[in-house]
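Protein chains: 6
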Amino acid sequence: MAEQKAISRFPVPELGDLPDDVREKILGVQEKAGFVPNVFITLARRPAEFRAFFAYHDALMLKETGSLSKADREMIVTATSAKNGCLYCVVAHGALLRIYAKQPLLADQVAVNHRKADITPRQRAMLDFAIKVCLDSETIGEADYAALREHGFDDEDIWDITSITAFFGLSNRLANSFSMRPNDEFYLMGRLPKAPKPAN
Amino acid sequence: MAEQKAISRFPVPELGDLPDDVREKILGVQEKAGFVPNVFITLARRPAEFRAFFAYHDALMLKETGSLSKADREMIVTATSAKNGCLYCVVAHGALLRIYAKQPLLADQVAVNHRKADITPRQRAMLDFAIKVCLDSETIGEADYAALREHGFDDEDIWDITSITAFFGLSNRLANSFSMRPNDEFYLMGRLPKAPKPAN
Amino acid sequence: MAEQKAISRFPVPELGDLPDDVREKILGVQEKAGFVPNVFITLARRPAEFRAFFAYHDALMLKETGSLSKADREMIVTATSAKNGCLYCVVAHGALLRIYAKQPLLADQVAVNHRKADITPRQRAMLDFAIKVCLDSETIGEADYAALREHGFDDEDIWDITSITAFFGLSNRLANSFSMRPNDEFYLMGRLPKAPKPAN
Amino acid sequence: MAEQKAISRFPVPELGDLPDDVREKILGVQEKAGFVPNVFITLARRPAEFRAFFAYHDALMLKETGSLSKADREMIVTATSAKNGCLYCVVAHGALLRIYAKQPLLADQVAVNHRKADITPRQRAMLDFAIKVCLDSETIGEADYAALREHGFDDEDIWDITSITAFFGLSNRLANSFSMRPNDEFYLMGRLPKAPKPAN
Amino acid sequence: MAEQKAISRFPVPELGDLPDDVREKILGVQEKAGFVPNVFITLARRPAEFRAFFAYHDALMLKETGSLSKADREMIVTATSAKNGCLYCVVAHGALLRIYAKQPLLADQVAVNHRKADITPRQRAMLDFAIKVCLDSETIGEADYAALREHGFDDEDIWDITSITAFFGLSNRLANSFSMRPNDEFYLMGRLPKAPKPAN
Amino acid sequence: MAEQKAISRFPVPELGDLPDDVREKILGVQEKAGFVPNVFITLARRPAEFRAFFAYHDALMLKETGSLSKADREMIVTATSAKNGCLYCVVAHGALLRIYAKQPLLADQVAVNHRKADITPRQRAMLDFAIKVCLDSETIGEADYAALREHGFDDEDIWDITSITAFFGLSNRLANSFSMRPNDEFYLMGRLPKAPKPAN
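Order-wise, the sequence lines are chains A, B, C, D, E and F. Numbering-wise, the first sequence is residues 887 to 1086 according to the numbering used here. Numbering-wise, the second sequence is residues 887 to 1086 according to the numbering used here. Numbering-wise, the third sequence is residues 887 to 1086 according to the numbering used here. Numbering-wise, the fourth sequence is residues 887 to 1086 according to the numbering used here. Numbering-wise, the fifth sequence is residues 887 to 1086 according to the numbering used here. Numbering-wise, the sixth sequence is residues 887 to 1086 according to the numbering used here.
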């Protein structure tokens, strides 16, 4: 298994051929994370989609308002991506979850069965809702909103939980169809006392 | 049923309170369609997400390259949104499908059972793939790509089919969770000889 | 798509070759509706089955007793036929639903996601029960009956809801297997202010 | 468990109160079978539905044409009723299957897993098709018809297989919702060398 | 169907070639039941697995402690094996259920739809739990334990219900994959007033 | 999250109270692995079941014959346990898989989506079969056996794949119902160049 694994089914663009803003976004994440997550490489060949994808991503995942912590958001991504069988997102966002939560075991727990994870009842309710949005959104109703409000989530938080789940449902489908491979670096991140810094 | 139905669970922003680019986008679609589709009103309260959503939408749905016609794209949206039980997208994009395809019966056929629709074998293969991406993307593999190539789709087309399905899977989940109501205008569009012009 | 579409996989009988009662039934519906719905043509080649089918249909759908309105009955047919992916019944009975309910948007709403339809809580309970009979009848129990009684349905009504759902489950399977095509006339019925009269 | 079990959730009519033709049908089956199967008692309270139900039943199950034997038809009923979790039909029609096929083990095999039953490849194909009509009729297509034709079934036979499955899907839903209890007599019929005569 | 049916896909060992303890176990059951159930013959070719299988089986099914009767245990096996489509276990353990419960109709009821069976509310709760362990064990939680405790089951009983379901889930998968055939003798056991003695 | 997490819902026995053979088995694994995997502690309170469980486990997982490597066997366990949502088995056997395969990324890949894992076509076929046994064993048939034989598996190997899947289906259900917690030690095993020795 020593050969270089393909990043995805699609050809990889040369960094020099990319529009400036796309290239700069990629160089920025590389500087921060120490490597370029493959989702950047995969999507860069379609710059307009790349820009929209990361603008949406950043609006949902980097926002500073609301009651969802960064760990909460990555937990939603990890749990729902596992339901969609998306290797890329479980591995990449599981890494971020470990780092933000400072819980090295949490991502594996949430990916396999969130009911057995070391999480709070509030987080359990958040994941129950997110998984319902992921798998059966047509049945979401007032009772589901009420259940989250009982745990202190307000409607803006529910918008966030919905949108994060929905956005990564998009991401999961791209990664599954394109056979996007998670970078090897993600697998170990956050598992050891001194974790590397998070990347997307 | 004469009372005004809510556009979504969330409060509706005043047009005057919106950032200029968001307001202009809304006024533009209103001028073109004769009304403002509720998805614009619903998402406008989160301008960053609004911009990313429509940037992504436009990149996929308005592109001029590849072999997918506008009717093909709207057909993908209609068929997969029906699988997700998304009233907004079936009604709104079913209207566009009728208009672009100039087939007044097509949207209802595709929404209920695409196997019984008046479509070509090529379109049938396209929808089979899209529905698999929608419902079971983790099992998409080389054989699914090969089946599309046999009908003359190239890999850029398959990227498009995947991305349109994935993007509207996002949209479906937002609309379902937010209880986004399709505008009454959509229901009749494209059903009569003289159809109104398409809106988003 | 200008060519004449097949009514079903099976050959169509000549009207003159049919038994008198079958022919008269067909001529009667033609006079009332202005066209012959394809289900009459499709089933007429087996007169004994034709007679039993329409006798059962009429006993359930034309009865004057009980608290289910004609619109309620057509709503059950539309919602459950959509779950079975039956194009014929969704299109034909969706037309009748629009006409009886005098709500041009209702059939599309109920076919895609009855939870988002402009219906009363009583109708919502009726459809929840009908969909359970349609999809998972083995789990129907006393609690399901009790839920309907809370909305004022009595046991005769529940018999009706059950039987309508069950009968159209039969009809849906015939139409799906035989590839029965809905008449083009149905698609537009009840969508405009002046609707044509209902046909079966 | 010695007390008399209810025949169904609904009250049982007095034989003397029934219309003549309904009463005679019931007395006829009683004379032939030695007891009155509960489906007759349950449905008799709605004479018009009773007549249509048994007219349809008899048209499909008593017909003398086509290549389906009586055992084949009862096998379809037993296998598909098991998929619908319908105790009444599995027990009653399993009895008939044992008698017509003269195979005392066959009904239990077909009810639990038709793939392990002592049947011919032709019967296996017939049941595969019937179960698809039962569980997923919207996906039935030309390939399914072709598979049956390879085993010597013609289109009239396929009509029969479809209709029997569809009719008992109706019957299963009634029995499940009404909690119709199979007569105790059915359980042992056809299991011993000297079997009693078949009843409906 | 007079020819000898294969016991399973795998070759059958000669009794004389088996280790003494395995042979004695087989002879013991033969003496008690009057025949050798095919599961003994099928598994004997792998003596270590045979010993572990029957040691586990006997520990769960022959134990004298706890509140589960022998009929309760066989009822769990029959109901869950039906969900797994396991002909061997439904037929063999249905026979034992009839005998232990002294209810000739019970096994067929439980195999087709336990909600319609002549059982107590306590047994209904037990089967609801067992079926959830069988089909969806990842969602078992504190509420499921609480529901059983309300019916007087203690935690040791719940351990037993879980383990019996889990063990026969193993057995079902072996029987299904190996195509293990139930002995003809099982089908009639316990159906007549004077039943033969139970065998494994 | 610093508090000691419960090993399972059930009380933990004192080592000194256990039968000698059970205690010795536990001490043996502790010496080899450096800790006692919680499955030993959980099951020890029922010594007869403990003995049968580990006898079966060892017969399947420690056998030296056949063409399945130890890594293959742990891969089957990891993939199928993920389908059953069993945190204990995915984490514990994922650790063993990493160690035996000397592939630190493999367990996460197989747990999330085996179609995207760095495995051979032979292993892919093995996992496809195992997952079918896990999720839908009633449909396993001759074609499934033939597909494995094409990859060089013989019938004894297929027995092994079946039995390993079936045995861990049992284990998964116990762990899910009992809420058995994987030891923290497992999560990191085999992820770093110098891995600790495997434990059960």
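Just so you know, the hints here were simulated from the structure itself, not pulled from any lab data. Virtual Cβ for every residue (Gly too), placed ideally from N, Cα, C. Some hints here could point you the wrong way.
To be verified - Sample of chain C residues facing chain B (criterion: CB under 8 Å; computed from the structure):
no., residue
1, ILE912
2, GLN916
3, GLY971
4, LEU973
5, VAL976
6, PRO990
7, LEU991
8, ALA997
9, SER1065
10, TYR1073
Hint by hint, which ones does this structure get wrong, listed from lowest number up?
1, 2
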